[in-house]
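Taken in sequence, the protein lines are chains G and R.
Just so you know, we're using the UniProt record's numbering here: the first sequence kicks off at 1 and counts up by one.
Just so you know, we're using the UniProt record's numbering here: the second sequence kicks off at 1 and counts up by one.
FYI, nobody ran anything at the bench for these hints, they're computed from the structure.
As the structure is a prediction and not an experimental result, all values here were calculated from the model.
What you were told as hints is all true, and nothing was included just to trick you.
Which stretches of chain G does chain R cover? Using the computed rule of at least three CB atoms under 8 Å from a CB of chain R, they are:
| id | region |
| --- | --- |
| 1 | 122-128 |
| 2 | 209-218 |
Here's a subset of chain G near chain R, in silico, CB distances under 10 Å, partners left out:
| id | residue |
| --- | --- |
| 3 | 119 |
| 4 | 135 |
| 5 | 137 |
| 6 | 223 |
| 7 | 246 |
| 8 | 253 |
| 9 | 266 |
| 10 | 271 |
Pulled a few chain G residues facing chain R out of the computed Cβ check, cut under 10 Å:
| id | residue |
| --- | --- |
| 11 | 132 |
| 12 | 134 |
| 13 | 136 |
| 14 | 222 |
| 15 | 224 |
| 16 | 241 |
| 17 | 249 |
| 18 | 252 |
| 19 | 259 |
| 20 | 260 |
| 21 | 263 |
| 22 | 264 |
| 23 | 267 |
Ideal placement from N, C-alpha and C gives every residue a C-beta, glycine not left out.
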Amino acid sequence: MDEARIARRGLSPRLWLAGGWLLLALLAAIFAPLIAPQDPLAQDLMLERLPPFWLDGAEPGYWLGTDSLGRDLLSRLIFGGRIAFIVAFAAATSACLIGSALGLIAGYFGGWADRIISRVVDVWMAFPPVLFAILLVAVLGTSLSSVILAIAIIDWTRFCRVIRAEAMSQARMDYVESARIAGYGRTGIMLREVLPNVLPSVVALLSLEMGIAVIVEAILSFVNLSISTDDPTWGSIIAEGRLSIHQAWWVLVFPLITLILTVLSFSQFGEALKARFDPVLR
Amino acid sequence: MLLQRFLVRLLTMLVTLFGVAIVVFVVIRVAPGDPIAMMLPPGASDDDIARLRALYGLDKSIVQQFFIWLGGVLHGDFGTSISLRQDVLGLVFDRLPATLELATVALLMAIALGATAAILGARSRGTAVEASIDIASGATLSIPDFLWGLVLILLFGVLVPVFDISGRVSPELDLPFVTQFYLVESLLRLRFDLTWDLLKHMLMPAVALALPLAAIIAQLLKQSLKEVLDLDYVVLARVKGFSETQVILREALKNAALPTLTLVGVQFTFLIGGTVIVERLFSYEGLGNMAIDAVINRDLPLIQGIVLVFALLFVLINLAVDMMYALLNPRLRHG
Numbered sequence: 001m002d003e004a005r006i007a008r009r010g011l012s013p014r015l016w017l018a019g020g021w022l023l024l025a026l027l028a029a030i031f032a033p034l035i036a037p038q039d040p041l042a043q044d045l046m047l048e049r050l051p052p053f054w055l056d057g058a059e060p061g062y063w064l065g066t067d068s069l070g071r072d073l074l075s076r077l078i079f080g081g082r083i084a085f086i087v088a089f090a091a092a093t094s095a096c097l098i099g100s101a102l103g104l105i106a107g108y109f110g111g112w113a114d115r116i117i118s119r120v121v122d123v124w125m126a127f128p129p130v131l132f133a134i135l136l137v138a139v140l141g142t143s144l145s146s147v148i149l150a151i152a153i154i155d156w157t158r159f160c161r162v163i164r165a166e167a168m169s170q171a172r173m174d175y176v177e178s179a180r181i182a183g184y185g186r187t188g189i190m191l192r193e194v195l196p197n198v199l200p201s202v203v204a205l206l207s208l209e210m211g212i213a214v215i216v217e218a219i220l221s222f223v224n225l226s227i228s229t230d231d232p233t234w235g236s237i238i239a240e241g242r243l244s245i246h247q248a249w250w251v252l253v254f255p256l257i258t259l260i261l262t263v264l265s266f267s268q269f270g271e272a273l274k275a276r277f278d279p280v281l282r
Numbered sequence: 001m002l003l004q005r006f007l008v009r010l011l012t013m014l015v016t017l018f019g020v021a022i023v024v025f026v027v028i029r030v031a032p033g034d035p036i037a038m039m040l041p042p043g044a045s046d047d048d049i050a051r052l053r054a055l056y057g058l059d060k061s062i063v064q065q066f067f068i069w070l071g072g073v074l075h076g077d078f079g080t081s082i083s084l085r086q087d088v089l090g091l092v093f094d095r096l097p098a099t100l101e102l103a104t105v106a107l108l109m110a111i112a113l114g115a116t117a118a119i120l121g122a123r124s125r126g127t128a129v130e131a132s133i134d135i136a137s138g139a140t141l142s143i144p145d146f147l148w149g150l151v152l153i154l155l156f157g158v159l160v161p162v163f164d165i166s167g168r169v170s171p172e173l174d175l176p177f178v179t180q181f182y183l184v185e186s187l188l189r190l191r192f193d194l195t196w197d198l199l200k201h202m203l204m205p206a207v208a209l210a211l212p213l214a215a216i217i218a219q220l221l222k223q224s225l226k227e228v229l230d231l232d233y234v235v236l237a238r239v240k241g242f243s244e245t246q247v248i249l250r251e252a253l254k255n256a257a258l259p260t261l262t263l264v265g266v267q268f269t270f271l272i273g274g275t276v277i278v279e280r281l282f283s284y285e286g287l288g289n290m291a292i293d294a295v296i297n298r299d300l301p302l303i304q305g306i307v308l309v310f311a312l313l314f315v316l317i318n319l320a321v322d323m324m325y326a327l328l329n330p331r332l333r334h335g
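With the sequences and hints as input, model every part of the structure.
Written as structure tokens, this is what we have:
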């Protein structure tokens, strides 16, 4: 118990740091047109490969330098955050809804429902996820909605497996039995009693999944299969950075740091939330 | 008991593979964009297109196509790649060894690194060493292989360019190999110069793949070690005068390793899944890299073949781990 309490107190700074970064990045993305110092699409070959502000040759107003087409890196990162957060929220929520619903049904009702859902999960787990994502986006066509749909189609199993296991153990507990004796219907018990108890796991997974969605979007952009417009995404900036790595390292370094901070924050935030909601740790 | 378990697993495995075959078959046929039209020069007559469609069997219904393909697969015929115009199975077998070698090297690295961290952490439990191992493994775990790959490219490809960050082997080298298992063959032929060159190319992508898994192994194995270290027989070994490290290596490790083993199996499939993008990142000529090209070129037969081979690999690994677990676990062995 003491250990748990210490662990929980130790989580607080993590929660603040992670939450702080996510809030900052989110606000920057929302207010991008107001914050970004330059037009993220404006090309200027006179300004190509300007270094970040502390190096010789930097131009004021181009804080993190420019890419090989003279576009301002900071502005592109800020605008890229918009796609990242839209994908993170939309894809993770969709995956969560599909996976949790199927997981609850499989875990709580068991029987044929469980057998069918578990087989489908097995099939899904036998696909290399990145290849599956690339394949789906290639099939669905490159657009924001295909990216979101592809991630939801692939990653619902993450929720399904965990929620199924939790719902199974909840279904065997006394309180479920007493609710049944008290005359509640099965679906009613599932939604009113079992669902609230698996919610901490869902919330933690959801936060984790947002981080994963950001990465998958970046990977898709990297192989040139994300949204097809000129709008900057973190992955497309990384892809450009990878190409000009020997001439302009900053084009790769800054989006990489942004991605790492974001992914770390989502996972730390999720773990902290789980610890906070978990009745055992509380 | 064991045999029955094996047969049940084998059956589920076949069902899973059949499911994968159906899913991939349906998914890629919903795709807009005609692969045949992409093969022909503009201005090809409708007649030519129709003939080529018939050649690749694309003029039949989806259900017919599926069973024709499945029948072929069962006979070892995976069809012909549309973009490379070669036998799919041959192409896959040409590339698979590169991916297997990369994944195996990465797995070994992950086990070595993770076990070392776990033993170190368990040995110095309750100290700052354990706390820093916890923090390091927590952070390492959260960063996926794709990002590790980019970090490594920056650190060791650009900042301190000591390792190769592109390709599988230096192109100017003369390769005497007859199989595609370059690494294994270089060792067997005692050509250690080639082994070194291969390893230098493999190191960065392998580390990128290994780090997240190493972190998971470190966490789980340390946890099981700590549990085992409080048991009577371990305490007895300690009383007998063995040092803490000896106690861990000789007594605790073999009993603590079982839960980790199961997890490593599942995680190994994730690692193999990760090779797809990591190979791309490092221009490593493996199966994953070819898969991405196949998708971009809408090469249906090749995509099907590669996905199926990956799926086969995944279920085989799971089967192997399950059997290993059953063999090593005394409760299941006699149960």
